[in-house]
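Residue-level listing of the chains:
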Amino acid sequence: MSSIVFNKLKNRVLFVNMLLMLCLLAAAVGCSGAKKDTPAENKTVKPGARHGNGIYWWKTVFNPNRNELEFLKQHSIKRVYVKFFDVVPYSGEDDYIAPVATVRFDSPKPDGVEIVPVVFISTEAVRRMADIGGGAEKIVKRVRNMASYNNLGEVKELQLDCDYSWRDAGAFNNLCNEVRKLIGDSVVLSATIRVSQLKNTSSLPPVDRGVLMLYNTGSFKNYYSKNSILSSEDVELYLKDSGEFGLPLDLAFPAYRWGLWFDGLNTFNAILHTSDFSDTTLYSAINGTNRLSVNKDHFVDGQHIRKGDKIRPEVSDYNEIMKTKKLVFNALKDNCRDIILFHLDSAQLNQFNANEIDSIYNCSIN
Amino acid sequence: MKSIAYTIAALTSLLALVLSTPAEACWGPYISPREYSMYRGRPDLKNWSTPFDRDHMCFKFNYNAGADDNCLLWKVQTGTDASVSEIYEVVYKCSLDTLRMIASGKDPYNGTNFFSIHLLSDREALEFLLLAKKCEITRLNMSSVWFYPSEDDEDYLSLKEIVEKCKAETNKGGLYYNRYILQEMRALISLQEYDECVSEWKRLSPAMNDDIIRQLCYGYVAGAYESLADTPNALKYYAKANDCRNYSRMGGNTDEMFSEYSLFLRDVIEGDIYMIDDRCWNKDGTITLDEYDEGLLRKYLPVCQKYAADKSVHDTDFWLYTASYISYLLGDSSKAESLLAKAAKSRGSQFIKDQIHIFRFWMEASKPYSQSYENNMAQHTSWLIGQMQKALPESLKDSWELNGILDIRSMAWAWDGEQDLPIKEYKAGYLNKMLVKILQAKVCPTLLSKGKYSSAIAFANLSNYAFLNMLDASGSVIGKIGNLESVRARRLSVSEAARSKDDNPYALLQDNGMDFQTTSFMIMDSIQTSYVIDYVRNMEKSQSLLYRMAREKGYYGKDYLYDIVGTKLIRDLRYAEAEKYLESVPANYQLRLNTNEYLFRAPFSAEKESNPPVYDVKYSFARKMASLEKDIQKCKDPGRKALLMTEYATGMRNSMGNSWALAFYGIHAGDDTDTTSTLFKAQQKAFARAEELYSQALQICDDDNIKASLEFFHGNHSYVVEQFKGTQASDYIESHCDTWKDYHYEKPSVNWQGRYLQHMQSFVHTF
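Sequences listed follow chains A and B, in order.
Those letters in the first sequence? Residues 9 to 374, by my numbering.
Those letters in the second sequence? Residues 8 to 774, by my numbering.
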């Protein structure tokens with residue numbers, strides 16, 4: 009007999025699982041960033057200025073393979089936004105927040121590329137920092153030390169990534185202000201912006217630039233969603249009444265795929281990072297949908313997938329990206345801004361051909 | 008008999024799970040009671056520190072061997088009248104800021120610490136302490152989770168400065184020559200300048216006194232040699248440092264170590280055993296020693312026996328107790344018992360005598376059940392609770408110090424305030440930990456395996472509540488959780504916090520975890536109701552030591568117990584009996600239930616509906632069900648009887664479904680698939696009985712209006728509309744078709760039970 013788990017506890021467990029999932033998602037899908045290839049003294053980047061293509065590196069070991077290095081060259085990518093670490097709540101003797109999932113640099117900085125540190129901060133960590141303070145100093149010091157130790161060159165931009173809700177906007181904004189004081193005006197401070205955050209433009213963070221995350225726009229937990237990675241319809245809803253943002257925005261588009269796993273009752277179970285669901289002995293298409301039914305028990309990503317479960321394979325659809333790009337460019341009323349892809353992984357990027365990548369990066373919407 | 012045997016087996020495994028699984032749950036204790044370490048060689052935590060172990064996400068003890076000798080040396084060097092404890096307080100415990108206060112001429116201890124007063128006029132000592140503290144903090148910063156190595160880092164630079172300052176001081180010589188060398192060694196190790204460390208040692212050590220500070224240097228020198236791959240010298244210095252583990256690890260023969268008795272040697276052995284004890288207990292209560300630990304214990308055992316037999320050594324009881332404990336860890340219980348008996352008779356301190364008692368309690372609790380077992384355990388428990396009471400200091404009264412000592416995750420299962428308690432007060436927390444470990448890991452499982460359910464609950468009760476009640480009685484308060492300064496402080500007793508709802512910022516667990524997540528509750532919730540009734544009767548009447556203790560020191564709440572019995576009787580479908588118990592529970596007791604918010608779901612409704620908040624829901628339900636039972640018996644009119652039966656069956660069904668809080672205190676994880684679970688079995692029984700009643704009701708009824716109502720209660724809405732057009736039920740459904748989404752597509756349910764189970768599953772998944 010299993011131990012008693014009370015309803016509230018069960019609620020909490022489910023909630024925590026969801027949070028974990030979100031964290032994993034954030035870790036896997038994460039945030040964005042933007043900025044420039046210009047000299048540090050020319051920090052203020054005009055909204056319309058275009059400075060080069062970017063791409064995220066979200067894995068915890070920085071070791072781009074030959075294909076990925078070639079990708080950087082082929083598409084003239086000037087900046088790689090590397091997630092340095094996550095900041096999460098902590099119950100240590102001397103600390104209340106801690107850096108986790110710190111990236112390890114196994115490879116040197118690729119030639120001709122600027123490394124932009126990105127720090128993911130959980131909302132709970134933001135709240136704690138607002139309560140106790142001192143978080144900005146820890147983050148900035150560690151970022152500088154990491155850049156120095158790994159010979160990444162001068163830090164010209166620092167990006168903060170936080171999926172804050174409107175309730176925590178104030179806390180995140182305070183953090184941005186504190187970070188700004190510490191890094192000074194010579195370093196660009198950028199932040200990721202979720203499309204949902206556009207609804208409340210007055211609470212956009214006080215940073216030099218924002219990166220609008222145009223991925224993970226739908227609910228991956230919703231069995232009936234068509235594609236949770238990117239839906240122009242979802243984005244359009246948020247763009248409609250958003251008006252002036254008062255913040256130069258770059259755009260981040262998805263370049264990943266995954267499978268979303270639901271149980272027989274259509275309850276979301278987990279994200280599967282395996283993207284090959286072509287084995288017809290294991291999966292059958294469910295007519296009229298983009299979902300698959302599992303034919304027999306097996307394991308994927310270490311997860312026990314059971315007969316009768318459902319899987320929704322999702323890809324970053326090129327046409328949807330282009331459609332969304334057009335929508336956003338029109339809404340933002342200028343065409344030229346930095347484009348960043350999420351993320352540099354040759355196994356995922358091969359869903360696009362080179363022309364498609366160039367089209368995504370192209371600042372023209374035609 | 009078979010069912011009793013099954014129950015015993017199930018309960019034993021339940022307890023095993025109760026005691027082990029919380030360690031893995033998000034809100035369970037980090038360490039289950041079975042894993043608690045037991046060994047203690049000294050009455051305070053002076054030589055221990057508790058850094059946070061990130062790998063295991065818990066606090067782990069480190070051991071500062073040599074602290075006593077170091078404090079004694081301070082006493083000699085400064086010529087102070089201060090006690091060792093006062094010196095320890097300043098040297099080991101106070102912060103850099105506090106030292107700076109002394110340096111600025113202020114006494115942070117307001118005249119209560121003689122060493123602090125002494126330092127006000129001893130600049131030389133104070134200057135050294137400021138440097139040492141700075142060195143310690145800097146090294147700590149470098150071991151912080153935020154540290155990332157960089158030559159630009161200010162901590163790195165400050166260690167460089169400390170090295171330079173130490174060099175300048177050692178060049179001058181002076182009283183603290185040894186001490187400056189130790190700080191220099193520490194700084195150089197943190198800077199990873201091993202060559203320099205060795206070179207400085209060679210230059211400076213010839214002029215060092217042979218004292219504890221020199222001994223403390225050996226470990227650093229050994230580490231530096233090891234980093235330089237100089238194994239012979241590393242071995243030499245590990246041996247000097249009495250560091251058996253590293254000496255063995257590097258392939259040294261430890262037979263020649265420990266030849267000379269010293270307080271430092273005792274510290275080293277005590278610290279190693281403590282740390283092994285801290286990590287060797289498994290969640291199932293067994294012991295696993297890794298190769299090094301086992302080897303170390305085998306090395307230490309003869310050393311302990313040697314000093315136990317040495318007539319010139321004054322602490323014979325310590326060495327015998329330690330030898331006994333080592334033997335136990337190594338799996339030789341009979342040798343452990345024999346050595347412990349000798350230890351009990353030997354000369355020594357009261358503290359070790361108490362440790363011997365605790366260890367004997369554990370070993371006797373581990374023995375097979377006998378007629379005297381229960382009484383023997385009660386005697387030991389009484390003694391241990393008495394010790395706890397004595398150890399709980401007056402100073403806790405109205406003390407905000409409690410803020411930091413609550414291990415929130417351990418609260419419901421096992422109070423464990425030991426590790427964060429101030430030095431003087433740690434003992435009560437430790438004693439409670441031992442009470443919890445012994446009762447929950449040994450006594451309760453033994454009694455359960457013999458079908459002694461009532462006694463098992465009583466012991467579990469004491470393990471859950473004795474310490475908590477003492478804290479409450481002492482007027483202790485909790486104002487905030489952990490170190491979150493932002494949480495506004497409010498006076499709240501410990502048990503109040505433990506019984507709070509989770510929307511209260513002070514709540515230590517989810518809704519009233521203190522009453523409904525404890526081991527005693529879990530046992531009561533899982534066994535047959537008759538055994539719980541036995542326990543209640545014993546709590547009310549028995550004059551045995553155990554029940555007197557449980558009444559006085561544990562938790563004895565008539566409302567609590569009667570609510571549990573009444574709820575279990577509803578679960579058993581014994582409504583008239585449930586009514587009698589629940590009648591005695593005050594209406595507003597419902598507010599304290601963890602399930603309160605789920606009690607408003609209408610139990611006699613065909614679909615999920617809620618009643619407005621009312622009190623006494625369980626009692627009202629039991630009373631109505633009991634009344635329906637009587638009315639069904641008496642009623643002669645087939646139509647009315649059918650309706651009564653349907654209402655009764657619906658209540659029965661819902662009390663296991665949507666209105667589950669009438670019969671349960673929680674839904675068991677995985678119950679929707681676990682066919683052996685209590686919930687599933689109770690549901691099966693109730694659903695089968697309800698289905699039987701529905702069928703009977705349909706059979707005896709010949710009125711379409713009533714039949715339609717019966718089908719309506721089944722949830723067969725489409726069927727009602729199709730087959731009983733024009734009836735009240737049909738009209739009602741048609742006018743509420745938006746409420747019942749299945750109206751348009753549902754076919755008559757042949758097996759509503761299965762459908763309802765599925766419905767329950769989706770319900771469980773959605774909240």
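To be clear, the hints were calculated from the coordinates, so they are not data collected in a lab.
Be a bit skeptical, because a hint or two may be false.
Listing some non-contacts, in silico: residues in chain A with all C-beta distances to chain B over 12 Å [to be verified]:
1. Asn71
2. Glu145
3. Asn158
The following residues of chain A were derived to be distant from chain B, with all beta-carbon distances above 12 Å [as the list claims (entries may be wrong)]:
4. Phe92
5. Pro107
6. Thr110
7. Asn153
8. Ala155
9. Ser156
10. Ala177
11. Asp193
12. Leu300
13. Asn358
14. Asp366
15. Cys371
30 Å max Cα-Cα, derived DSSO-like pairs, lysine-lysine [what the hints assert, rightly or not]:
16. B:Lys714 - A:Lys149
17. A:Lys146 - B:Lys140
18. A:Lys149 - B:Lys141
Idealized CB from N, CA, C, for every residue including glycine.
Quiz item: Of the hints stated earlier, which fail here?
Solution: As far as the earlier hints go, 2, 3, 4, 5, 6, 7, 8, 9 and 16 are violated by this structure, in ascending order.
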